[in-house]
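2 protein chains.
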Amino acid sequence: MKKITTRNQNYSQWYLDIIEVAELAENSVTKGSMVIKPYGYSIWESFQKVLDKMIKDTGHKNAYFPLFIPKSLLTKESKHVQGFAKECAVVTHHRLKDSPDGIIVDPESKLSEELIVRPTSETIMYDTFSKWIHSWRDLPLLINQWANVVRWEMRTRPFLRTTEFLWQEGHTAHISEEEAEAEARKMLGVYMDFVENYLAIPVIPGLKTESEKFAGALRTYSIESMMQDGKALQTGTSHNLGQNFAKAFEVKFADKDGKEKYVWQTSWGVSTRMVGALIMSHSDDDGLIVPPRIAALKIVIVPIYKTEAEKTEVLAAAKVIQEKLKILDENILLDDRDYETPGSKFNEWEKKGVPLRIEFGPKDLEKNSATLVRRDTKEKISVALDELLEKVRILLEQMQKDIFEKAKKFREENSYQIDDWSEFKKHFQEKEISGFVYSHWCGNDACEREINEELQATIRCIPLEQKEENGKCIKCSKESKKRVIFAKAY
Amino acid sequence: MKKITTRNQNYSQWYLDIIEVAELAENSVTKGSMVIKPYGYSIWESFQKVLDKMIKDTGHKNAYFPLFIPKSLLTKESKHVQGFAKECAVVTHHRLKDSPDGIIVDPESKLSEELIVRPTSETIMYDTFSKWIHSWRDLPLLINQWANVVRWEMRTRPFLRTTEFLWQEGHTAHISEEEAEAEARKMLGVYMDFVENYLAIPVIPGLKTESEKFAGALRTYSIESMMQDGKALQTGTSHNLGQNFAKAFEVKFADKDGKEKYVWQTSWGVSTRMVGALIMSHSDDDGLIVPPRIAALKIVIVPIYKTEAEKTEVLAAAKVIQEKLKILDENILLDDRDYETPGSKFNEWEKKGVPLRIEFGPKDLEKNSATLVRRDTKEKISVALDELLEKVRILLEQMQKDIFEKAKKFREENSYQIDDWSEFKKHFQEKEISGFVYSHWCGNDACEREINEELQATIRCIPLEQKEENGKCIKCSKESKKRVIFAKAY
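One line per chain: the protein sequences are A and B, in this order.
Counting from 1, position 453 in the first sequence corresponds to residue 453 in the numbering used here; the numbering is continuous, with no gaps.
Counting from 1, position 333 in the second sequence corresponds to residue 1333 in the numbering used here; the numbering is continuous, with no gaps.
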């Protein structure tokens, strides 16, 4: 059996080992793309189910736009294409044919215009939005799409950075700048709600710097989380696009005053990258840990027996437990495989991060109880069967809270305020878990770039919630009113 | 306002008009690809929700495999690649760059091996299956994927034939030929259940002829439906792949007897094409008709008022009706837009095929009743408010049944048994609605091809449910035991 590298030994290898032993994903023969395995995909489906409802509840409608974007369309907004040009998968032909050298791409099938596999859908969508929107009555237009996108990557890492990934992308058009700004902030709030309350990952909402914002946006907001190695991971972004794309794609409306105006737009997205964040936030050296509210499989019952008589009795009682608990969740697994030992079942579900394991054997049967085992703390709790339903319900809620609090405590313990350059430098050069460093910054690109080059730390965001404070830029000592978060990042 | 071409005037244009007025989809700037608009996509989501549950309930698990297939992998099964070679979108480069002529594809980013955008996923999946499967304990392997696929098409038609389309594709591996055959038949049965009981489209399950089977399959089953112009449409297919792919991709297992054997496989899929089938089966000259069980929006309430006082009273009572009916369906629309007249609302929801419209105005309020209008028959029914819930429930069930029966009756009225070649020929040459023709066929490719060339009629399937019967091939008069269905087809 595969042994998991510990986090202390090698965090990076530990991450890959967790993905392997929990059967989440694996590399595919297509370089840079992964296969999302059934258990990993069930977690993504669980994300989708919750988030899709949140997106619809805020008035957005799902639609589907083409995978291929003609090159001329992708290049219409100049900053946008500059941001994605180096990552574009390009379709140039549409046929294969037999040849003496085997099957080749038919040169006669060359396209008159190359097609780009969407890296994101602003351009292909807004070309259509310009046809859908005529008057202020057509606004706001609130569209969401669940799709695969492709951004060519040289160095990939499952879930965190893959050439193809799955995501949702929201795209909206509004009557005014204020409304677009409110939308961008609202959707950042939706992501925050989802990531904190379902994935149990604490986040810091903030504004990206000019150098880190989305290509073509006016401003980009993000939510940033701290992984267990102290590195930052951006779990979601929301962009106020201003009128940049509206002008490039002629997305205009007749306002109430009869005048023709450009719309104000937003876009926002989260991806399978969140699965990587989930893994790195909570899991331990024994495997994955999934918070109960988002777990596709929350509870597994493992029956324990030796004799045939015991087996009959235990399985019958275990089925009653399974039925009883279905009030909490339809999907409760009674793992009755008889070619696996209870020990190897414990091990398997531990590796897969199922929140709660119920061990049930002849002794439990005798005492009219069952043994609950929490995945996060490994704590074993004996519970009378007639209290089981209520205890399990409470325990799942408690675990959700505890997992979040643990991650939050870790983040707090690894957050620093540093106001002195030599201390700042030493911190990032020497500290193994460098965490989040709150320091003043003058707002100048040059300081940001120099810090990144020297210390491999970047500005993750300018936190939205902070008091104004007089300070001096950590690098150049110019005056500053706000702290930003510096961190090493994924 | 757009006028819908009638079916009698031009069936083909009628189909396009329905798609336009019901706001289902539209052409995109990417040639051959369509934009699925929010209302059209909500219908696809409704399909997905029901079918995904059916697929999971029969033991399959969802997963996700790469969009791109290396050329060498696609070409491993020789018949398979021959079937898809002419329809392959090929990715050859991975970067754009600036040049004096504008942004161009960077010639230095040429891939060492071309990537094919998946036309279907047998090859990319089975390469992985060969790593997942070791022993008989790993079987059956039952995988499903919801994805976009690309098959290059020169002549496209929204939903029916587009370069990119959405679908689900099931892929399974089994221990024996019998088990694979049973699986292929079982999934055909699932599709039949879904299409008949939800989409209300009667189908005929059958076997495809050798010339019409899936490229690389041992045999292909399909379900065939008749559209309102008498043409056949294949709504789903299920393939027994035998060991063809297993041998090409070395998908082997150690059997109970210790011997290493190739697995037996199936694949099966349905796509956004089903939306086309739905439109063409039921809709009329006034717009779309969606059967209640599959309608994303089943009921719309249209309030009618003139004065402000009426408006207040009517809207308050309409909200009570809306709440009451939520027991039947969460998603009931009270169309309270005050800038549209009731008449234009009636018209809009009629075009969009919402099964039941509830008209509610001052007169209804006075009589403590509401007026129900069936979309399929246009029948108006006045119902007392305290009977509303039960009446609506019964009516929706009745409509589901009636819509199915109507389509079935149409199919029966347009089905023929023909045993004489000159009659057969005259039938396809002269009859406007040629429908399904049950005739004997010797099993020979040549007869099938000649009929197709002469009459543009193809063998849709060899129906599974039929009595053996001595007859003579309609073309060559050789002996035959079975009838097949000849039809013009989409």
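Source of the hints: derived by calculation from the structure; they are not laboratory data.
Keep in mind that a hint or two might mislead.
[To be verified] Below, computed lysine-lysine pairings styled on DSS-like, alpha-carbon distance capped at 25 angstroms:
1. B:1326 / A:97
2. B:1053 / A:61
3. B:1110 / A:31
4. A:345 / B:1061
5. A:319 / B:1071
6. A:49 / B:1319
7. A:79 / B:1247
8. B:1049 / A:53
9. A:345 / B:1378
10. A:56 / B:1097
11. B:1110 / A:71
12. A:76 / B:1110
13. B:1326 / A:49
14. A:213 / B:1097
15. B:1071 / A:86
16. A:31 / B:1186
[As the list claims (entries may be wrong)] Footprint (simulated), chain B over chain A, 3 or more residues, beta carbon under 8 angstroms:
17. 21-34
18. 53-66
19. 100-106
20. 116-127
21. 143-155
[To be verified] Calculated Cβ distances over 10 angstroms to all of chain A for the following chain B residues:
22. 1327
23. 1380
24. 1438
25. 1454
Quick reminder that beta carbons are idealized off the backbone N, C-alpha and C, glycines included.
Verification of the supplied hints:
Annotation: proposed proximity of residue 1326 (chain B) to residue 97 (chain A) is violated, straight-line Cα distance about 57 angstroms (limit 25 angstroms). The hinted pair formed by residue 1053 (chain B) and residue 61 (chain A) meets the criterion: a straight-line CA distance of about 22 angstroms does not exceed 25 angstroms. Between residue 1110 (chain B) and residue 31 (chain A) the CA atoms are separated by roughly 15 angstroms; this keeps the pair inside 25 angstroms, and the hint holds. Between residue 345 (chain A) and residue 1061 (chain B) the alpha-carbon distance is near 20 angstroms, which keeps this suggested pair within the 25 angstroms criterion.
Between residue 319 (chain A) and residue 1071 (chain B) the alpha-carbon distance is near 50 angstroms, which puts this suggested pair outside the 25 angstroms criterion. Between residue 49 (chain A) and residue 1319 (chain B) the alpha-carbon distance is near 28 angstroms, which puts this suggested pair outside the 25 angstroms criterion. Taking the CA atoms of residue 79 (chain A) and residue 1247 (chain B), the gap is near 50 angstroms; set against the 25 angstroms cutoff, the hint is violated. About 14 angstroms separates the Cα atoms of residue 1049 (chain B) and residue 53 (chain A), which keeps this hinted pair within 25 angstroms; it holds.
Proposed proximity of residue 345 (chain A) and residue 1378 (chain B) is contradicted: the alpha carbons are some 59 angstroms apart, above 25 angstroms. Straight-line distance between C-alpha atoms of residue 56 (chain A) and residue 1097 (chain B) comes to about 38 angstroms, which puts the hinted pair past the 25 angstroms bound. This hinted pair checks out: residue 1110 (chain B) and residue 71 (chain A) have alpha carbons roughly 17 angstroms apart, not beyond 25 angstroms. The suggested pairing of residue 76 (chain A) with residue 1110 (chain B) holds, with an alpha-carbon distance near 24 angstroms, which does not exceed 25 angstroms.
Distance restraint check for residue 1326 (chain B) and residue 49 (chain A): the Cα-Cα separation of roughly 21 angstroms lies within the 25 angstroms cut-off, and the hinted pair is therefore satisfied. For the hint linking residue 213 (chain A) to residue 1097 (chain B), the alpha-carbon distance of about 21 angstroms falls within 25 angstroms, and the restraint holds. Pair hint residue 1071 (chain B) plus residue 86 (chain A) holds up; C-alpha atoms about 23 angstroms apart against a cutoff of 25 angstroms. With a C-alpha separation of about 35 angstroms, the suggested pairing of residue 31 (chain A) with residue 1186 (chain B) is violated against the 25 angstroms cut-off.
For the segment 21-34 of chain A, the stated coverage by chain B is satisfied: 6 residues place a CB nearer than 8 angstroms to a CB of that chain, which reaches the threshold of 3. Evaluation of the coverage hint for the segment 53-66 of chain A: fulfilled, as 6 residues show C-beta separations to chain B shorter than 8 angstroms, against a requirement of three. With a cut-off of 8 angstroms between beta carbons, the segment 100-106 of chain A has 3 residues touching chain B; three or more are needed, and the interface restraint holds. For the segment 116-127 of chain A, the stated coverage by chain B is satisfied: 4 residues place a CB nearer than 8 angstroms to a CB of that chain, which reaches the threshold of 3.
A count of 5 residues in the segment 143-155 of chain A with a Cβ less than 8 angstroms from any Cβ of chain B is obtained; the coverage claim is therefore met, three being the minimum. Separation of residue 1327 (chain B) from chain A is adequate, the least Cβ-Cβ distance of about 20 angstroms exceeding the 10 angstroms criterion. Interface exclusion of residue 1380 (chain B) from chain A stands, the closest Cβ pair being 30 angstroms apart, more than 10 angstroms. With a least beta-carbon separation of about 38 angstroms from chain A, residue 1438 (chain B) lies farther than 10 angstroms from that chain, consistent with its non-interface assignment.
Every beta carbon of chain A lies more than 10 angstroms from that of residue 1454 (chain B), the smallest distance being close to 29 angstroms; the non-interface claim holds.
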